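Quick note, the sequences are listed as chains A and B, same order.
Mind the numbering: the first sequence is residues 1 to 150 in this note's numbering, read in order.
Mind the numbering: the second sequence is residues 151 to 321 in this note's numbering, read in order.
Hints should not be assumed to be uniformly reliable.
[What the hints assert, rightly or not] Residues of chain A clear of chain B, computed beta-carbon distances all greater than 12 Å:
| hint | residue |
| --- | --- |
| 1 | ARG46 |
| 2 | GLU53 |
| 3 | THR58 |
| 4 | GLU60 |
| 5 | VAL68 |
| 6 | MET97 |
| 7 | VAL105 |
| 8 | ALA115 |
| 9 | ALA120 |
[To be verified] From the structure, some residues in chain B lie toward chain A, with a derived Cβ separation under 10 Å:
| hint | residue |
| --- | --- |
| 10 | PRO164 |
| 11 | TYR290 |
| 12 | ASN294 |
I should point out that these hints are in silico values taken from the structure, not numbers from a laboratory.
Note that the structure is a prediction, hence the values are computed from the model and not measured.
Here a beta-carbon is modelled for each residue, glycine too, at the ideal position from N, C-alpha and C.
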Amino acid sequence: MSAADILSRDFELGFTYTRSTGPVVGRFLTDLRERRIVGNRASDGRVIVPPMEYDPVTAEALTDFVQVAECGAIVSWCWVTQPRAAHPLDEPFAWAMIRLDGADVPLIHCVAAGAETELATGARVRAVWAEQTRGFISDIRYFELVQGAS
Amino acid sequence: MSDAEHAVTGIECPVYLQYHFTAGRAPARFLTRIREGVLTGQRCPRCSNVYIPPRGSCPACGVPTEEEVVLPDKATVQSFTVVAIPIPNNPIEPPFVVANLVLDGANIAFIHLISECDNSAVHIGQRVQAVWKPREEWGYAMDNIRYFRPLDEPDVPVEQIGRLSVSGWEG
Numbered sequence: 001m002s003a004a005d006i007l008s009r010d011f012e013l014g015f016t017y018t019r020s021t022g023p024v025v026g027r028f029l030t031d032l033r034e035r036r037i038v039g040n041r042a043s044d045g046r047v048i049v050p051p052m053e054y055d056p057v058t059a060e061a062l063t064d065f066v067q068v069a070e071c072g073a074i075v076s077w078c079w080v081t082q083p084r085a086a087h088p089l090d091e092p093f094a095w096a097m098i099r100l101d102g103a104d105v106p107l108i109h110c111v112a113a114g115a116e117t118e119l120a121t122g123a124r125v126r127a128v129w130a131e132q133t134r135g136f137i138s139d140i141r142y143f144e145l146v147q148g149a150s
Numbered sequence: 151m152s153d154a155e156h157a158v159t160g161i162e163c164p165v166y167l168q169y170h171f172t173a174g175r176a177p178a179r180f181l182t183r184i185r186e187g188v189l190t191g192q193r194c195p196r197c198s199n200v201y202i203p204p205r206g207s208c209p210a211c212g213v214p215t216e217e218e219v220v221l222p223d224k225a226t227v228q229s230f231t232v233v234a235i236p237i238p239n240n241p242i243e244p245p246f247v248v249a250n251l252v253l254d255g256a257n258i259a260f261i262h263l264i265s266e267c268d269n270s271a272v273h274i275g276q277r278v279q280a281v282w283k284p285r286e287e288w289g290y291a292m293d294n295i296r297y298f299r300p301l302d303e304p305d306v307p308v309e310q311i312g313r314l315s316v317s318g319w320e321g
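All chains, full assembly: derive it from the sequences and hints.
See the structure below:
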């Protein structure tokens with residue numbers, strides 16, 4: 001076999017998906033656009049955030065929407081030392097499970113903090129909203145630590 | 151916000167994958183040759199199947215493929231589809247035909263376009279030939295071939311598609 005040139009190039013493969021949100025996720029996103037966070041109440045009385053379409057026990061459609069607070073406590077977290085291009089923040093941050101006040105299950109979102117050592121399970125956080133909301137999960141830009149509250 | 155009164159019913163959630171692709175030895179050789187307008191495959195030393203574009207090994211036998219085979223630019227339609235929806239950033243306007251084509255002398259199909267005919271006239275076993283771009287536009291790419299156009303030759307029976315010699319099809 002004779003010699004070949006070394007050939008390399010960058011390319012991007014894009015899948016331009018759109019997704020229909022339905023009445024439950026659509027309601028959640030509509031409220032986010034208004035800077036409100038809603039969940040819904042399941043048959044066992046728990047408030048689930050983000051809202052679920054069907055009850056985890058009875059499989060009935062869930063309709064009882066409940067507004068919860070924009071602050072809560074960190075249940076668990078994971079520090080991201082080197083954020084990648086697709087991540088919501090450029091600086092090191094944490095992915096966290098956050099139980100908002102009024103909710104019974106945690107929500108996953110990002111937490112901005114100066115250093116990993118500032119984070120702790122049980123630490124209090126508050127949502128920081130985007131300047132322009134559009135009905136998307138990133139309407140909450142991130143959660144920030146509420147100093148002195150934990 | 152102007153749409154504040156409207157409920158959210160859909161979201162855009164695109165996925166963009168960024169690659170840096172380096173062609174291996176066999177694909178690089180194929181691309182270097184197609185830049186000169188030559189279609190080059192590789193033959194398996196064990197089962198004698200000819201692959202184009204070559205990957206450097208035989209997927210059936212698991213052995214390296216070294217021997218190069220120059221193939222003509224005539225092919226047979228193995229299967230096809232009529233594409234009716236536009237592809238983002240693709241300059242080709244639907245409806246257009248995408249086909250699995252087997253070059254004469256090859257034993258595996260590759261994907262390319264068929265044009266210069268009614269889409270409804272495209273059929274399995276149809277004989278086609280490459281329509282090349284002008285030589286000065288050739289690069290390291292399969293789209294040096296603009297598309298394939300039908301040939302005035304008898305159809306190839308299904309059981310012989312992918313089994314023709316490099317000398318072509320007499321009917």
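Hint check:
1. In this structure ARG46 (chain A) is separated from chain B by more than 12 Å, as the shortest Cβ-Cβ distance comes to about 24 Å.
2. Separation of GLU53 (chain A) from chain B is adequate, the least Cβ-Cβ distance of about 14 Å exceeding the 12 Å criterion.
3. With a least beta-carbon separation of about 26 Å from chain B, THR58 (chain A) lies farther than 12 Å from that chain, consistent with its non-interface assignment.
4. Every CB of chain B lies more than 12 Å from the CB of GLU60 (chain A), the least distance being 22 Å, so the non-interface label holds.
5. The beta carbon of VAL68 (chain A) is kept farther than 12 Å from every beta carbon of chain B, the shortest such distance being approximately 18 Å.
6. With a minimum CB-CB distance of about 22 Å to chain B, MET97 (chain A) clears the 12 Å threshold, and the non-interface call stands.
7. Annotated as non-interface, VAL105 (chain A) keeps its C-beta farther than 12 Å from every C-beta of chain B; the closest such distance is 22 Å.
8. Every Cβ of chain B is farther than 12 Å from the Cβ of ALA115 (chain A); the closest lies at roughly 30 Å, confirming the non-interface assignment.
9. Listed as a non-interface residue, ALA120 (chain A) keeps its Cβ farther than 12 Å from every Cβ of chain B; the least gap is roughly 33 Å.
10. For PRO164 (chain B), the suggested interface contact is upheld, since its CB lies about 5 Å from the closest CB of chain A, less than 10 Å.
11. At about 6 Å, the closest approach between the beta carbon of TYR290 (chain B) and any beta carbon in chain A falls short of 10 Å, and the interface hint on this residue holds.
12. Checking ASN294 (chain B) against chain A: minimum C-beta separation of about 14 Å lies over 10 Å; hint violated.
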